[in-house]
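K.L.:
Listed here are the chains, written in short residue letters.
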Amino acid sequence: MSGGDRSKKKTPRTQGWEEAGAEFYQESYPSTDTDFDVLQRDPRHLTTLLPSKQNRAVAATIKRIRGDTKTFGRHTHTTLRSRRGSTTNRRASTTADIQVSMLPDLSENLSNEQRTWEEIMQIKALPISMAQKKEMKAKLQSEPNLRLQGFEQLKWKRRKMWKKFRISIKESYSKLELWKGDLKKIEGNCGTGVVAYFLFIKWLLFLNFSIFSLVFLFVILPSIIFKNVEQCDDCCSSVYFNQTTDSNIVLDLVQGTGRMERTILFYGVYSNETFSYKVNGATLYYDLPLAYISVTVIYFLLSLFAIVKSAAKGFKERLVEGEGQFYQYCNLIFGGWDFCIQNEKTANMKHNAIFHEIKGFLEVERREEERQNRTQQERTKLFVVRLLVNVIVIVVLAASAAAIYFVFDYSTKQVANTLKDALFSSSFEMLFYEFLPSLSIVFLNVIVPFVFAFLVNLEKYSPLNVIRITLVRTVFLRLSSLCVLYASLYIKVACDVENINSCVSADCATCWESFVGQQIYKLVLTDFATHAILTFLVNFPRALIARNCTNKAAKFLGSQDFELPKHVLDVIYSQTLCWLGCFYSPLLPAIATLVCFLMFYIKKFACLINSTPSVTIYRASRSNSMFMIVLLISYIFAVLPIAYGIGELLPSESCGPFRALPTVWSYIVNIFGTSPMWLQSILFFVSTAGFAVPAFVVLTLLVYYYWAVNSANRHMVTVLKNQLVLEGHDKQFLLDRLSMFIKQQQESQKRLRHAEMMKDGERIVSSN
Amino acid sequence: MGQSKSQFSEEELQDYEDLTYFTKKEVLYAHQKFKALAPEKVGHNKNAKLPMSKILQYPELGVNPFGDRICKVFSSSHDGDCTFEDFLDMMSVFSDAAPKAVKAEHAFRIFDFDGDDMIGTSDLQQVVDRLIGSNHLSEAEMQHLIQKILEEADLDDDGALSFAEFEHIIDKSSDFASAFRIRL
Numbered sequence: 001m002s003g004g005d006r007s008k009k010k011t012p013r014t015q016g017w018e019e020a021g022a023e024f025y026q027e028s029y030p031s032t033d034t035d036f037d038v039l040q041r042d043p044r045h046l047t048t049l050l051p052s053k054q055n056r057a058v059a060a061t062i063k064r065i066r067g068d069t070k071t072f073g074r075h076t077h078t079t080l081r082s083r084r085g086s087t088t089n090r091r092a093s094t095t096a097d098i099q100v101s102m103l104p105d106l107s108e109n110l111s112n113e114q115r116t117w118e119e120i121m122q123i124k125a126l127p128i129s130m131a132q133k134k135e136m137k138a139k140l141q142s143e144p145n146l147r148l149q150g151f152e153q154l155k156w157k158r159r160k161m162w163k164k165f166r167i168s169i170k171e172s173y174s175k176l177e178l179w180k181g182d183l184k185k186i187e188g189n190c191g192t193g194v195v196a197y198f199l200f201i202k203w204l205l206f207l208n209f210s211i212f213s214l215v216f217l218f219v220i221l222p223s224i225i226f227k228n229v230e231q232c233d234d235c236c237s238s239v240y241f242n243q244t245t246d247s248n249i250v251l252d253l254v255q256g257t258g259r260m261e262r263t264i265l266f267y268g269v270y271s272n273e274t275f276s277y278k279v280n281g282a283t284l285y286y287d288l289p290l291a292y293i294s295v296t297v298i299y300f301l302l303s304l305f306a307i308v309k310s311a312a313k314g315f316k317e318r319l320v321e322g323e324g325q326f327y328q329y330c331n332l333i334f335g336g337w338d339f340c341i342q343n344e345k346t347a348n349m350k351h352n353a354i355f356h357e358i359k360g361f362l363e364v365e366r367r368e369e370e371r372q373n374r375t376q377q378e379r380t381k382l383f384v385v386r387l388l389v390n391v392i393v394i395v396v397l398a399a400s401a402a403a404i405y406f407v408f409d410y411s412t413k414q415v416a417n418t419l420k421d422a423l424f425s426s427s428f429e430m431l432f433y434e435f436l437p438s439l440s441i442v443f444l445n446v447i448v449p450f451v452f453a454f455l456v457n458l459e460k461y462s463p464l465n466v467i468r469i470t471l472v473r474t475v476f477l478r479l480s481s482l483c484v485l486y487a488s489l490y491i492k493v494a495c496d497v498e499n500i501n502s503c504v505s506a507d508c509a510t511c512w513e514s515f516v517g518q519q520i521y522k523l524v525l526t527d528f529a530t531h532a533i534l535t536f537l538v539n540f541p542r543a544l545i546a547r548n549c550t551n552k553a554a555k556f557l558g559s560q561d562f563e564l565p566k567h568v569l570d571v572i573y574s575q576t577l578c579w580l581g582c583f584y585s586p587l588l589p590a591i592a593t594l595v596c597f598l599m600f601y602i603k604k605f606a607c608l609i610n611s612t613p614s615v616t617i618y619r620a621s622r623s624n625s626m627f628m629i630v631l632l633i634s635y636i637f638a639v640l641p642i643a644y645g646i647g648e649l650l651p652s653e654s655c656g657p658f659r660a661l662p663t664v665w666s667y668i669v670n671i672f673g674t675s676p677m678w679l680q681s682i683l684f685f686v687s688t689a690g691f692a693v694p695a696f697v698v699l700t701l702l703v704y705y706y707w708a709v710n711s712a713n714r715h716m717v718t719v720l721k722n723q724l725v726l727e728g729h730d731k732q733f734l735l736d737r738l739s740m741f742i743k744q745q746q747e748s749q750k751r752l753r754h755a756e757m758m759k760d761g762e763r764i765v766s767s768n
Numbered sequence: 001m002g003q004s005k006s007q008f009s010e011e012e013l014q015d016y017e018d019l020t021y022f023t024k025k026e027v028l029y030a031h032q033k034f035k036a037l038a039p040e041k042v043g044h045n046k047n048a049k050l051p052m053s054k055i056l057q058y059p060e061l062g063v064n065p066f067g068d069r070i071c072k073v074f075s076s077s078h079d080g081d082c083t084f085e086d087f088l089d090m091m092s093v094f095s096d097a098a099p100k101a102v103k104a105e106h107a108f109r110i111f112d113f114d115g116d117d118m119i120g121t122s123d124l125q126q127v128v129d130r131l132i133g134s135n136h137l138s139e140a141e142m143q144h145l146i147q148k149i150l151e152e153a154d155l156d157d158d159g160a161l162s163f164a165e166f167e168h169i170i171d172k173s174s175d176f177a178s179a180f181r182i183r184l
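Residue numbers (this note's numbering), protein chains in the order written: chain A, 1 to 768; chain B, 1 to 184.
Misleading hints may appear alongside valid ones.
[Claimed, not checked] DMTMM-like, lysine to aspartate or glutamate: derived pairs with alpha carbons at most 25 Å apart: (1) A:721 x B:171; (2) B:103 x A:171; (3) B:25 x A:727; (4) A:157 x B:12; (5) A:134 x B:79; (6) A:163 x B:18; (7) A:164 x B:68; (8) A:137 x B:68; (9) B:172 x A:118; (10) A:157 x B:171; (11) A:721 x B:151; (12) B:33 x A:727; (13) A:175 x B:10; (14) A:721 x B:18; (15) A:170 x B:68; (16) B:103 x B:68; (17) A:160 x B:17; (18) B:33 x A:730; (19) A:359 x B:123; (20) A:731 x B:68; (21) A:137 x B:15; (22) B:24 x A:171; (23) A:170 x B:96; (24) A:139 x B:18; (25) A:160 x B:117; (26) A:139 x B:17; (27) A:137 x B:114; (28) B:100 x A:365; (29) B:100 x A:378; (30) A:359 x B:15; (31) B:172 x B:157; (32) B:24 x B:96.
Honestly, the hints are just simulated from the structure, not real lab data.
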């Protein structure tokens with residue numbers, strides 16, 4: 001290890017300091033020229049000898065030990081001694097000081113087992129070679145130990161056991177860890193930024209899986225176990241359940257119609273009963289509607305909590321990073337290289353990427369200057385261009401929204417028509433119409449981003465802003481298409497309100513919740529299929545062409561970057577669909593889990609085989625917080641309509657757990673009405689102004705307090721930093737003075753000696 | 001793993017587990033990786049010293065612009081040749097479990113080319129040169145860049161980064177911990 005390396009290299013200088021140091025302390029300035037050789041050559045070298053610049057490991061050991069000295073003085077000395085012997089002895093004098101000042105109290109000089117063990121655990125942090133570590137460990141172990149007694153012993157044993165247990169858990173977990181090898185491979189080829197994306201997919205997978213297990217445990221399983229035969233003959237539900245449509249099983253599978261509609265996949269089949277179950281005379285109740293609604297609330301809260309927690313982590317990191325781009329250069333130079341890269345080609349790309357990033361930073365600075373020097377005319381021109389582009393973007397967004405709306409309208413009409421004269425049309429034609437809205441949404445999602453990417457080039461933003469702006473626009477595209485979908489679904493759904501009394505109306509779906517579920521189910525399937533098809537059947541041949549043709553046009557057509565923002569949106573979009581659909585189609589989280597799982601492989605294929613390593617650097621920290629923010633936006637977009645649906649819309653008469661209720665939420669209100677009086681009064685009190693206003697005031701005060709603390713801290717940081725800089729200058733000044741003084745001293749010594757020699761010479765001459 | 005198990009005694013493994021950030025299994029796995037670099041040598045002597053050129057065949061180190069520096073920093077004989085224990089030390093520092101401070105310590109040594117315990121302008125220049133590979137920055141750009149770096153990090157204005165200053169930046173750099181890592 002280089003501890004020794006250093007000591008070898010630095011011995012001359014170090015010794016110089018050692019002696020010089022001692023003599024400084026004695027306030028007697030020596031005349032031996034050799035001591036100051038180094039300093040004379042370059043007084044700057046003094047700085048490296050300052051305590052703050054000494055070997056950190058030694059400093060760390062001392063620091064650590066200082067804290068604990070009182071209890072195990074002698075023990076620390078051994079540590080220090082071994083350190084000194086093994087690495088470097090340049091701090092010998094300091095160590096000696098410590099030894100003197102910390103002479104062990106004899107009653108306390110024996111360390112106990114626990115301390116020794118803790119010490120051993122800390123060895124691993126020292127930057128010394130394994131042989132030295134082993135030596136230290138052996139020394140520590142061979143020291144006489146006090147055995148711990150009684151409770152202490154028990155506590156220590158438990159800690160050791162706990163540690164062992166944690167290690168074994170870690171080991172078994174690492175065996176089970178999903179996609180470990182894949183992640184390593186991606187990391188080796190694309191760097192940490194892209195891996196953050198794949199970790200994000202994994203995160204979503206686990207989120208969806210936990211949602212699914214919640215739903216499965218509390219809704220699906222009970223309704224399978226307690227399945228009752230519907231008793232009434234003339235009520236609406238029997239009309240719904242007895243509707244028979246015989247159709248192709250494959251079509252049913254992809255459309256969620258026919259037999260599929262009557263499965264647990266959709267909202268419609270869930271019963272509105274409170275199941276009762278008799279055990280030993282006592283009756284247990286299971287209120288399925290209550291379970292249904294509370295599970296929904298819980299998993300939405302769970303998702304929100306998970307997102308906020310992850311986002312907060314990223315946010316904290318950003319705050320620590322300082323305001324914005326504070327340490328951008330250092331971050332790039334010292335944290336720029338991904339040490340996990342293992343592929344020559346990627347390494348080359350990384351070299352280029354870092355080079356471009358450096359260039360980019362310098363460029364930004366130049367551009368900043370340029371921007372200040374921009375002439376009025378240029379500024380106006382750029383403004384007009386940007387304005388124009390934004391107008392075009394809005395027009396494109398509006399046009400795609402309109403297109404989706406019309407397609408949806410058209411397809412529902414066509415489906416209705418084909419239903420009417422089912423004999424004449426093939427079922428595949430119907431399939432086409434059924435899928436038309438989903439297809440058009442997906443089609444727009446694929447095409448329009450290209451337009452945006454082209455437009456953003458005209459606007460001359462800085463590279464980082466380009467990514468952000470394209471991302472925001474694309475998010476808006478996706479969400480606006482979803483909005484249109486909501487709107488058209490709402491129009492379909494709202495017609496039920498008008499004829500409350502009849503079970504089946506002519507032009508409305510019998511069970512609109514299942515209908516909504518079906519639409520989203522179809523959308524999820526289409527979305528997934530598009531990704532699979534695009535990746536394997538379009539982009540893969542393109543990549544092959546690019547790899548095998550030397551033709552420039554082919555290369556241009558075929559080569560593709562792994563554009564992170566686009567792929568992020570793909571995943572987030574399917575997640576939004578999952579949230580949107582899971583109330584109306586409880587099994588959707590399971591499908592989403594599966595989709596995430598497969599998506600990982602699709603994206604891995606896209607990343608490793610289809611794409612060339614990207615020239616843009618994606619930073620792990622920055623991209624992760626970006627994912628979470630976009631996810632949060634989509635979450636809000638998904639929750640709003642669901643909340644509206646639960647709170648306002650009239651549930652279908654003929655199906656689902658909430659039939660014959662004015663709204664879904666009214667079920668909760670009814671339950672609340674039957675709850676014990678004290679709970680009711682508490683909740684009532686919470687909702688009164690008497691509680692709300694003080695609570696609001698307290699919260700505001702808290703926020704204000706934290707804001708004040710924050711700004712005070714920020715101020716403190718600047719003050720401290722200024723002070724550091726001042727100290728640095730002082731140090732510099734003193735060092736300069738010191739070296740000057742030493743030089744003067746030496747010169748005067750030399751002169752003195754010279755004079756003496758002269759005198760001696762004179763004496764000799766005179767004596768002669 | 002059975003074969004390599006026989007190469008280590010239980011005490012040795014316990015030592016390695018106590019003195020690195022690895023579990024016993026990971027130590028054995030690391031040894032497999034080490035052995036794969038030179039099966040004939042390591043087969044005879046589990047702690048054989050491999051020359052730097054052999055160590056640099058480890059894929060992550062081979063393409064790393066600081067590969068030779070890493071070997072030198074971790075080599076117990078300071079010439080870049082590594083024994084298994086040196087290799088284990090290296091992997092332990094680069095592992096996920098190693099705290100940021102330990103990583104920063106070693107990163108500082110890796111970037112400190114001339115070994116004067118300061119990252120000076122010449123060190124910075126070398127770091128940048130290695131980072132950009134075959135590309136070339138003009139003299140003026142390089143100077144500008146180095147000046148910018150020092151502006152950000154050199155708190156006491158002495159034209160070089162001391163460890164304290166380096167650690168300070170590393171603390172604030174959220175990417176460092178994720179970048180300074182090699183998965184075993």
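K.L.:
Each hint needs a verdict: does it hold in this structure or not?
P.N.:
Do the hints match the structure? See the list:
This hinted pair checks out: residue 721 (chain A) and residue 171 (chain B) have alpha carbons roughly 15 Å apart, not beyond 25 Å. Only pairs whose Cα atoms come within 25 Å are accepted, and residue 103 (chain B) paired with residue 171 (chain A) is accepted, the gap being roughly 23 Å. For the hint linking residue 25 (chain B) to residue 727 (chain A), the alpha-carbon distance of about 49 Å lies beyond 25 Å, and the restraint is violated. For the proposed pair residue 157 (chain A) and residue 12 (chain B), the alpha carbon gap of about 22 Å is at most 25 Å, so the pair holds.
Between residue 134 (chain A) and residue 79 (chain B), the direct Cα distance comes to roughly 21 Å. Compliance with the 25 Å bound is thereby established for this hinted pair. Proximity of residue 163 (chain A) to residue 18 (chain B) is assessed by CA-CA distance (about 11 Å); at most 25 Å being required, the pair is judged to hold. Using a Cα cut-off of 25 Å, the hinted pair residue 164 (chain A) and residue 68 (chain B) is violated, with the two alpha carbons roughly 36 Å apart. Taking the CA atoms of residue 137 (chain A) and residue 68 (chain B), the gap is about 29 Å. The hint is violated against a cut of 25 Å.
Proximity of residue 172 (chain B) to residue 118 (chain A) is assessed by CA-CA distance (about 29 Å); at most 25 Å being required, the pair is judged violated. For the given pair, residue 157 (chain A) sits about 35 Å from residue 171 (chain B) by alpha-carbon distance, which is inconsistent with the 25 Å threshold. With a C-alpha separation of about 13 Å, the suggested pairing of residue 721 (chain A) with residue 151 (chain B) holds against the 25 Å cut-off. Restraint check: the Cα-Cα separation between residue 33 (chain B) and residue 727 (chain A) comes to about 49 Å, which exceeds 25 Å; the hinted pair is violated.
For a cut-off of 25 Å, the pair hint linking residue 175 (chain A) to residue 10 (chain B) stands: about 22 Å separates their Cα positions. This hinted pair does not check out: residue 721 (chain A) and residue 18 (chain B) have alpha carbons roughly 39 Å apart, beyond 25 Å. With a C-alpha separation of about 32 Å, the suggested pairing of residue 170 (chain A) with residue 68 (chain B) is violated against the 25 Å cut-off. A hinted pair counts as satisfied when its Cα atoms are at most 25 Å apart, and residue 103 (chain B) with residue 68 (chain B) qualifies at roughly 17 Å.
A threshold of 25 Å between alpha carbons decides the hint, and for residue 160 (chain A) with residue 17 (chain B) the separation of about 14 Å falls inside it, so the pair holds. Straight-line distance between C-alpha atoms of residue 33 (chain B) and residue 730 (chain A) comes to about 51 Å, which puts the hinted pair past the 25 Å bound. As the CA atoms of residue 359 (chain A) and residue 123 (chain B) are separated by approximately 20 Å, the hinted pair is consistent with the 25 Å bound. Distance hint between residue 731 (chain A) and residue 68 (chain B) is unfulfilled; the C-alpha atoms sit about 35 Å from each other, more than 25 Å.
With a C-alpha separation of about 8 Å, the suggested pairing of residue 137 (chain A) with residue 15 (chain B) holds against the 25 Å cut-off. Distance check on the hinted pair: residue 24 (chain B) and residue 171 (chain A) sit about 9 Å apart at the alpha-carbon level, within 25 Å; holds. About 12 Å separates the Cα atoms of residue 170 (chain A) and residue 96 (chain B), which keeps this hinted pair within 25 Å; it holds. Distance check on the hinted pair: residue 139 (chain A) and residue 18 (chain B) sit about 14 Å apart at the alpha-carbon level, within 25 Å; holds.
Distance restraint check for residue 160 (chain A) and residue 117 (chain B): the Cα-Cα separation of roughly 38 Å exceeds the 25 Å cut-off, and the hinted pair is therefore not satisfied. The straight-line distance between the Cα atoms of residue 139 (chain A) and residue 17 (chain B) is roughly 17 Å, inside the 25 Å bound, and the hint therefore holds. Note on residue 137 (chain A) and residue 114 (chain B): the hinted pairing is violated, with a Cα-Cα distance of about 31 Å set against a maximum of 25 Å. This hinted pair does not check out: residue 100 (chain B) and residue 365 (chain A) have alpha carbons roughly 31 Å apart, beyond 25 Å.
Proposed proximity of residue 100 (chain B) and residue 378 (chain A) is contradicted: the alpha carbons are some 48 Å apart, above 25 Å. For the hint linking residue 359 (chain A) to residue 15 (chain B), the alpha-carbon distance of about 48 Å lies beyond 25 Å, and the restraint is violated. Restraint check for residue 172 (chain B) and residue 157 (chain B): the C-alpha separation of about 19 Å stays at or below 25 Å, so the hint holds. Distance hint between residue 24 (chain B) and residue 96 (chain B) is fulfilled; the C-alpha atoms sit about 16 Å from each other, no more than 25 Å.
Of the numbered hints given earlier, the model fails hints 3, 7, 8, 9, 10, 12, 14, 15, 18, 20, 25, 27, 28, 29, 30; all others are met.
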